[in-house]
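Chemist: Each chain, letter by letter, is given below.
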Amino acid sequence: MERDAFLRRAAAGTFPDAEEVDPGALVPEGPAGDLVECFCDELAAAAGTPHRVATMDEALEVVLELMDGHHTFMARGHLPVPGLAGRLIHDGYHIVGSDVPKDAGERKRHQLDYESLEVGITAVDGLLAESGSIVVTSGRESPRMASLIPEVHIALATTDQMYRSLSHFFSERPGAVTQGSNMVVITGPSRTGDIEQTLTLGVHGPRQLHVIVIG
Amino acid sequence: MTSFLERARADIGTAPIVAVQSGARRFQIHRLTAVAEYAAMDDMRDRARAIRLHTLANLDRYLSQFADAVTSNGGRVFFAADATEANDYITRVATDRGVRRIVKAKSMLTEEIHLNDALERHGLEVIETDLGELIVQLSGDKPSHIIAPVLHKTRFEVGELFRDQMDVPYTDDPEELNAIAREYLRHRFLTADMGISGVNVAVASTGSICLVTNEGNGRLSTTAPRIHIAVMGMERIVPSVGDLGVILEVLARSATGQKLSSYTNILTGPRRPGEPDGPDELHVVIVDNGRSNVLAGSTAEILACIRCGACLNACPVYKVVGGHAYGTTYQGPVGAALTPSLFDLDEWADLPYASTLCGACLEVCPVRIDIPRLLLEQRRRAVDAKVGPMWMKRPLQFYASIATHPRRFRRLLSVGSLFGRLVRSGWIAKLPWRGSAWTDTRDLKAPGRSFHARWRRRGT
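As you go down the protein sequences, you meet chains A and B in turn.
Each residue of the first sequence is one higher than the one before, counting from 1 in this note's numbering.
Each residue of the second sequence is one higher than the one before, counting from 1 in this note's numbering.
Rather than coming from a laboratory, the hints here were simulated on the basis of the structure.
Treat the hints with care, since some could be wrong.
[As the list claims (entries may be wrong)] So the derived label-pair ranges between C-beta atoms look like this: (1) Asp173(B) with Gly97(A): 20 to 26 Å; (2) Asp103(A) with His114(B): 28 to 34 Å; (3) Glu2(A) with Asp117(B): 25 to 31 Å; (4) Val168(B) with Ile89(A): 33 to 39 Å.
[Said to hold, decoys possible] Among the chain B residues that face chain A by a calculated CB cut under 10 Å, a handful are: (5) Leu138; (6) Gly140; (7) Asp141; (8) Lys142; (9) Leu177; (10) Asn214; (11) Arg271; (12) Asp350.
As the structure is a computational prediction, the values presented were derived from the model and not from experiment.
Backbone N, C-alpha and C define an ideal beta-carbon position, used for all residues, glycine too.
Use the sequences and the hints to build the structure in full.
Modeler: Here it is in C-alpha cells:
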C-alpha cells in the first residue's frame, strides 16, 4: 500500500483525554544505598553469578578460573582487563574469529564454527542495579555473538558504570541506544519456562552469565 | 464454525485446562510479587497509559517519523494494508534473494496473518525457534496463551512429540527436552538465510525496534541470518527512547513478574560498516489488517495493549476454559475486546459474552485499559448489528416489560417467594430442571425480603 494512503488511515484515532497528560518519560527514584551490592544481589536472583573484585589482577584470576576446562573463546576490543585475550591465547586457548563475511555461503560456513565456541568475553556499557542487568551495545569492537552463542558469557565491568535502573540509564545515556545497530539489556542467563513453567537455563543463549565488577 | 460455548464445553475440565489453570495462577503470583516490590508501579502505569493513548491519537505522525528513521538507518519499510500484502511482500523478498531456510522468533501478528502457511506454499522452510512455538509448530497445535504458547501441554506430551518428530530417545525431563531443542535449532539458526521477528515496541524518534525474549531466540533470529524482517502491528510504537523505558518497566513485571526479561533487545538498522556481525538487510513490515478500523471505532482503546498477558492470568473465565475456546489468535479478555473489532463482528460476536465483567483484567492491566467497558461496548455493537447471541433477547424483553411496571414487578416478587419452600436456613440446596446446573455444585443464597417490603416495614 502507498505510504500516504496508509498514514491517512492511521490518522483516524481520536482520544479526547489523550492530550491532557504530558506523556514524556518518567524516571522513578530507584534503589538507594550500595548500588554495587544491590546489583550483585539482583543478578544472583536472576540466576546470574556476580564476582566483586578490587583490582585488574583479581579480575584476571577470576577469568582464568572460569576458563578452566574450556578450550575456545571469543573476545575483542578494549576490555577492562588489558591484555586479557593475549594472555588466554598464550595459555593455549583457541580464539574464535568474530568477523562474519557478507557473502551468503561464506557467512554460513563461518557461523557454523560457532558451534564449538564455549566462552564469550565482553565489556559492558552499563550496569543496572535495580534489576541486576548489564547493557551491551554492538560496535566495531563488540560482536553481538560473544554474549549470545557460547554456553558461558563473562562480562567485565567497572563500578563507575553503575546506573540505578533502566529508566536512569535511558535518561542519562540517551545516545547509547543508537550507538550501534544493537543494544541489548541482559538480565541473567537465557531461560525458558515453556515446559510446565519449569525454569530451565541456557535455551538458545548462555547457560551461565558471570559479571565481574571491578573496583 | 463452532461457537465459543461449544469450544469451551469441549475443553472444560480436561487435563490441558487444568495445566492452564495452574500456569495462569503461577503467573499471577509472580506478577503480584513483582508489583509489590516496585513502589513506582502505579505512577508508571499511569504514564504508560498516557504514552500509549498519546501515540494512538497521533499515530500517523509517529509512524511517518518512524519510517523515515528506519530508512535513514539503512532499513526498508513496507506498509501492508492487510495480511495478503504483508505475506506477498515477505515471500517476494525471500524468493528474490534465494532464501531457503527461515528462522522465526515468536510473533502473534505473524500467527494472525498466517505467514508460515504463505511461506511454506512457496517451498520455503520455516522454523519456529521459541521453544513453546516450536512445540506448537511440530504438533500442528495452536498457542493457548499470548506469552506462554504451550501452557496447556504437559512435559510427557512434549517428550513424545520430540521422540516422534526429532528422532531422539523419550525423556520428560524439562532440562533434557530443552537441551534437545537447543541442539535441534542451533545449526538451523547458524545456516538460516532469513530471520523473521515480531516487534514488541518501536521507537519513532530513532527508528529502533525492541524485542523482548527470555530464551535468546529473538536475538539469534535477528543476528545470524543475513536478512532480518520485522513484522509489526501499526499501533506498536512509542515516541521516544524514554517512553520505551516506561513501557519496559511495566511490561515484564506484568507478564512474568521479572523486573526485566532476560533479553531486552533493541535494534536500530542493519549491521553498520565495520560491525563484525548482524544482518546486512533489514525490512520493517508495518501491518494494518483491520487496525485502522479499530482505531476509528468505539473500541480504539484496546490498541493501547502491550501484550503482557496479565489479563488472561487474572480472568476467571480464561482460567476455566483455557485459550483454545476463544478460537482466535488473541485469547482472554484482550482477545474478546479486540477480535470483534479487528475481524468480522458477525463471526466473533459471542466472545465479549465470555466474561463475568468482574473487572480483574482492568485491575492488572499495565496500561489500565478499561476492558470491561470495551466488552460491554462490543456487546452493544453486536446487539445493534443483530449478530450477538440472540437467546438473551426474549428473557430480557420479558424482564423489561415487568421491571418498567411497578405493579407487575411486585406481583412477580410474590411469585418469587414461592421459592421459599426450597429454602433451608437462608440457602437453596436443590433447584429443579435447569436450575440444577447451579445447585449440583453449590448452594444458592435465597433471596431476602424485597426493598419494597422492608421500606413498608421501616421503623417497626
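Chemist: Now tell me, hint by hint, if it's right for this structure.
Modeler: Now the hints, each set against the structure:
Remark: the range hint 20 to 26 Å for Asp173(B) to Gly97(A) is contradicted by a beta-carbon distance near 36 Å. At roughly 33 Å, the beta-carbon separation of Asp103(A) and His114(B) lies within the given 28 to 34 Å, and the hint holds. Against the hinted window of 25 to 31 Å, the Cβ-Cβ separation of Glu2(A) and Asp117(B) comes to about 27 Å, which satisfies the hint. Between Val168(B) and Ile89(A) the beta carbon distance is about 37 Å. The supplied range of 33 to 39 Å therefore holds.
For Leu138(B), the interface hint is violated, since its Cβ never comes within 10 Å of a Cβ in chain A; the closest pair sits about 13 Å apart. Interface restraint check: Gly140(B) against chain A, minimum CB-CB distance 17 Å, threshold 10 Å, status violated. Against a cut-off of 10 Å between C-beta atoms, the interface hint on Asp141(B) is violated, since the closest Cβ of chain A lies about 13 Å away. Taking 10 Å as the C-beta contact cut-off toward chain A, the hint placing Lys142(B) at the interface is violated, the least distance being around 15 Å.
For Leu177(B), the interface hint holds, the least distance from its beta-carbon to any beta-carbon of chain A being 6 Å, beneath 10 Å. Taking 10 Å as the C-beta cut-off, the interface hint given for Asn214(B) holds, the closest approach to chain A being about 5 Å. With a least beta-carbon distance of about 5 Å to chain A, the hint placing Arg271(B) at the interface is held under the 10 Å criterion. Violation of the interface hint for Asp350(B) is found here, the shortest Cβ-Cβ separation to chain A being roughly 27 Å, above the 10 Å cut-off.
Of the numbered hints listed earlier, those contradicted by the structure are 1, 5, 6, 7, 8, 12.
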